[in-house]
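> Residues per chain are reported as follows:
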Amino acid sequence: MAKNNHNELARFEHCVLPHLDAAFNLARWLVGNDHDAQDLAQESCMRALKYFAGFHGSDARAWLLTIVRNTTFTWLRQHRMQELTMTIEDDYFDAAAASSEIVGLSPSNPETQLSQQADADQLRQAIEQLPVEFREVMVLRELEDLPYKQIAAITGVPVGTVMSRLARARKRLQQILTSGATAPENTAHGL
Amino acid sequence: MDCNELNVTLNAYVDGELDALTTARIESHLQSCASCQRRLREQMDVRAAIKTATPYFKAPANLRNRIHAELHKEAKTRWLDYLNTWRWPSMGAALSSVVLFGASLVLVLSMPSADELVAREVVSGHVRSLMAEHLTDIRSTDQHTVKPWFIGQLDFSPPVHDLATQGFALAGGRLDYVNNRQVAALVYHYRKHVINLFIWPAGKETTSNPNEREWQGYAAYEWTQAGMQFWAVSDINTTDLRQFARLLRFSAIAPPPQ
Ligand SMILES: [Zn+2]
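Going line by line, the protein sequences match chains A and B. Sequential numbering of the first sequence, starting at 1, is according to my numbering. Sequential numbering of the second sequence, starting at 1001, is according to my numbering.
Certain hints may be false.
What the hints assert, rightly or not - In silico DSS-like links for lysine-lysine, alpha-carbon gap of 27 Å or less:
{"no.": "1", "chain 1": "B", "residue 1": "Lys1058", "chain 2": "A", "residue 2": "Lys50"}
{"no.": "2", "chain 1": "B", "residue 1": "Lys1204", "chain 2": "B", "residue 2": "Lys1147"}
{"no.": "3", "chain 1": "A", "residue 1": "Lys50", "chain 2": "B", "residue 2": "Lys1073"}
{"no.": "4", "chain 1": "B", "residue 1": "Lys1147", "chain 2": "B", "residue 2": "Lys1192"}
{"no.": "5", "chain 1": "A", "residue 1": "Lys50", "chain 2": "B", "residue 2": "Lys1076"}
{"no.": "6", "chain 1": "A", "residue 1": "Lys149", "chain 2": "A", "residue 2": "Lys50"}
{"no.": "7", "chain 1": "B", "residue 1": "Lys1058", "chain 2": "B", "residue 2": "Lys1073"}
{"no.": "8", "chain 1": "B", "residue 1": "Lys1192", "chain 2": "B", "residue 2": "Lys1051"}
{"no.": "9", "chain 1": "B", "residue 1": "Lys1058", "chain 2": "B", "residue 2": "Lys1192"}
{"no.": "10", "chain 1": "A", "residue 1": "Lys171", "chain 2": "B", "residue 2": "Lys1051"}
{"no.": "11", "chain 1": "A", "residue 1": "Lys149", "chain 2": "B", "residue 2": "Lys1073"}
{"no.": "12", "chain 1": "A", "residue 1": "Lys149", "chain 2": "B", "residue 2": "Lys1147"}
{"no.": "13", "chain 1": "A", "residue 1": "Lys149", "chain 2": "A", "residue 2": "Lys171"}
These are calculated hints, taken from the structure and not from any lab test.
Taking the hints into account, I'd like the entire structure generated from these sequences.
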């Protein structure tokens, strides 16, 4: 066992550590602050090192992200249970759709183009307020540019679920862009 | 393919998740349907807005240091274990296997295949264009100047789209020679980097899903669309190159209002 040990460290440094940015970025988007994200990224790396001998795949980034994802969700379950239990998808999106419809009552021009100066802060806030299951697929897709299949493997849900979560999240963000609506008040406390 | 079916698959289409046949069906519907073109445009706009609104949080330096410190601690422990367990001669072998590991990576990346040869050619073309400082024959940021320049120089007319507003600024074009034929090479600037886009008429397949390759530190991204073969080559990261290719594919179908 000792024979491969330091060899393995070199290999770890070579194939896993280059993805530290990706690890931190995912944790940062899931927990919303630098401090916890750093702890979680470090914990994930140490966990990855522990299991590294058993990793024989070719995609170290996806492998590390899976560990980050699981470590972070375990942490969320311990520290912010309400965040996970309150995000009942349909409730959130139905409420969101309803609030946009109300805004949409004032007859708007159907030709309305998305404003080029769409308020980036507002949009970022809206992404931060998406239920965590939606946020993670958005981050993996938009920032890591991963294919659906890998996102499904990392998040442990079927490809169809990845696709529908992405579509619904984007639709929601599009509504916010076009109508200027914000996240629904009645679910904000749970996010 | 009708508008409803397109609506359902639009997300997967823009994400490049569909097979070549479905992609072709979508693109042929898009050619003739103004309202679906508008929907695609909106989809692209919302994505661009999301991209700008979602910062990529890079790992702070102190996190990197913390992890390196942990690794060194671990290395020291393991090294001592190792010295206690193994005799000196095996050390050389252990060190050389680290070197071998690096070498095997290079081998994997340069595994040859049919397209691989073309990939190498376009990468050489890219490198050549930078080294010989022969980047452009026609130097212009205006697509309406660059496109007509190729008329008379080539037996086909390459599509030319400036993507300056999305960060990829057209810088000009030149003639190049790839895959045993004269091809169009368009030059784009992205941040401080150069992207070469090689274009020539496609063979049998008129539309296909993109392929990407890495060779000698360059990323190459290949696709066919509307009967043309495209190869984008650069030293930028594959994510940015993929984005560049995606934007080009979409401007060919639903050009942004000028
Ligand atoms: Zn249509």
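> None of the hints should be skipped; say for each whether it holds.
We went through each hint and held it up to the structure:
no.: 1; hint: B:Lys1058 x A:Lys50; result: holds, 24 Å
no.: 2; hint: B:Lys1204 x B:Lys1147; result: holds, 25 Å
no.: 3; hint: A:Lys50 x B:Lys1073; result: holds, 14 Å
no.: 4; hint: B:Lys1147 x B:Lys1192; result: holds, 24 Å
no.: 5; hint: A:Lys50 x B:Lys1076; result: holds, 15 Å
no.: 6; hint: A:Lys149 x A:Lys50; result: holds, 26 Å
no.: 7; hint: B:Lys1058 x B:Lys1073; result: holds, 24 Å
no.: 8; hint: B:Lys1192 x B:Lys1051; result: holds, 20 Å
no.: 9; hint: B:Lys1058 x B:Lys1192; result: holds, 20 Å
no.: 10; hint: A:Lys171 x B:Lys1051; result: holds, 15 Å
no.: 11; hint: A:Lys149 x B:Lys1073; result: violated, 37 Å
no.: 12; hint: A:Lys149 x B:Lys1147; result: violated, 39 Å
no.: 13; hint: A:Lys149 x A:Lys171; result: holds, 21 Å
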